[in-house]
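Number of protein chains: 2
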Amino acid sequence: MRALILIDHGSRRAEANDQLEAIAALVRERGGVYVQIAHMELAAPSLDDALAECVSAGATDVIVVPYFLAPGRHVREDIPHLAAEAASRHPSAQVRVAPPLGVHALLADLVLARADEAR
Amino acid sequence: MRALILIDHGSRRAEANDQLEAIAALVRERGGVYVQIAHMELAAPSLDDALAECVSAGATDVIVVPYFLAPGRHVREDIPHLAAEAASRHPSAQVRVAPPLGVHALLADLVLARADEAR
Chain D
97 MRALILIDHG
107 SRRAEANDQL
117 EAIAALVRER
127 GGVYVQIAHM
137 ELAAPSLDDA
147 LAECVSAGAT
157 DVIVVPYFLA
167 PGRHVREDIP
177 HLAAEAASRH
187 PSAQVRVAPP
197 LGVHALLADL
207 VLARADEAR
Chain A
97 MRALILIDHG
107 SRRAEANDQL
117 EAIAALVRER
127 GGVYVQIAHM
137 ELAAPSLDDA
147 LAECVSAGAT
157 DVIVVPYFLA
167 PGRHVREDIP
177 HLAAEAASRH
187 PSAQVRVAPP
197 LGVHALLADL
207 VLARADEAR
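As you go down the protein sequences, you meet chains D and A in turn. Note that the working numbering has the first sequence beginning at 97, numbered continuously upward. Note that the working numbering has the second sequence beginning at 97, numbered continuously upward.
Keep in mind that the hints are not guaranteed to be accurate.
[Said to hold, decoys possible] Non-contacting residues of chain A with respect to chain D, defined by C-beta distances greater than 10 Å in every case (computed): (1) Ala112; (2) Ala139; (3) Ala140; (4) Asp145; (5) Val151; (6) Ser152; (7) Glu173; (8) Asp174; (9) Ala180; (10) Arg192; (11) Pro196; (12) Val199.
[Claimed, not checked] To be clear about the criterion: a stretch of chain D counts as covered by chain A if any three or more of its residues have a C-beta under 8 Å from a C-beta of chain A, and this derived list gives those stretches: (13) 118-130; (14) 139-153; (15) 165-179; (16) 200-208.
These are computed hints drawn from the structure, not numbers from a lab. A quick note: this is a predicted structure, and the numbers were derived from the prediction, not measured. For each residue, glycine too, the CB sits at the ideal point set by N, CA and C.
Let's have the full structure, built from the sequences with the hints guiding it.
Structure representation (C-alpha cells):
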C-alpha cells in the first residue's frame, strides 16, 4: 500500500498548520491514497510519527512530499535527512522523497485563479 | 489594461528569485496578461518598481498576487501596506491585492503530480 506524507516547516500558528491538513484532505479526496501530514518543527506530528502511522496502517511505499514552493536547504538537506532517519526505524517500508511544489503550470493556473478573486 | 504583479518575500539566493520569474513566464503564456514580479526585500525589483513598470506599460488595473502558500503577517499586513504605498505614487492605476495561493484543489493535484516524480 502506498502512502503520502506532506511535510512543511511547521508553525506556532495553528492556522498555518491547519492549512496543511486541509491540503491533505483534498489530496485524499482526489488521489484515493492514504495521506498523513508532518511538520519539521514547532508542531506535531513529526515525520517519524507520521511514518509510524503510515506503517501501522499497512503502508509499504511511502512518499514524502515537501510542501514548499522553492528548493532551499530544508528541501535539499533537512527533509531527506529526516526521511532517512525515520526510514531507518521502519525498515518494512520503502521511503522516497518527492520534489517540492517548484515551478509548474498548475501554479500558474492558481495564480490566475487568485488574481480573479482580488477585491 | 490589466497587469499582475507576483510578489514573494525575496531571497539572497538567485535560484529562489529566478523561480518567481519562471512562474511569471508561465502565467504570461497561459493568461495572456501583462505580468511583473516583485520581491518584498533582499532582491530587486521592489513592488514600487514593478508597479511603475506596469503603469508605464499602460496598466490601469493592477492586481498584486502574494506568492505565498499560507496567509501570515506578510500576506495580511506587509503586502497590503506595500501595495497601498506604491499605489499612492501611481494614482492612474487601480491597485488590488489578491488572496495568497492558500488551500486549493490545484495544489492537491500538484502534490499528486510531485509524488509521482519521487525516486
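These are the hints, each one checked on the structure:
{"no.": "1", "hint": "Ala112", "result": "violated (5 Å)"}
{"no.": "2", "hint": "Ala139", "result": "holds (13 Å)"}
{"no.": "3", "hint": "Ala140", "result": "holds (18 Å)"}
{"no.": "4", "hint": "Asp145", "result": "holds (20 Å)"}
{"no.": "5", "hint": "Val151", "result": "holds (17 Å)"}
{"no.": "6", "hint": "Ser152", "result": "holds (20 Å)"}
{"no.": "7", "hint": "Glu173", "result": "holds (14 Å)"}
{"no.": "8", "hint": "Asp174", "result": "holds (16 Å)"}
{"no.": "9", "hint": "Ala180", "result": "holds (14 Å)"}
{"no.": "10", "hint": "Arg192", "result": "violated (4 Å)"}
{"no.": "11", "hint": "Pro196", "result": "violated (7 Å)"}
{"no.": "12", "hint": "Val199", "result": "violated (4 Å)"}
{"no.": "13", "hint": "118-130", "result": "holds (count 8)"}
{"no.": "14", "hint": "139-153", "result": "violated (count 0)"}
{"no.": "15", "hint": "165-179", "result": "holds (count 4)"}
{"no.": "16", "hint": "200-208", "result": "holds (count 9)"}
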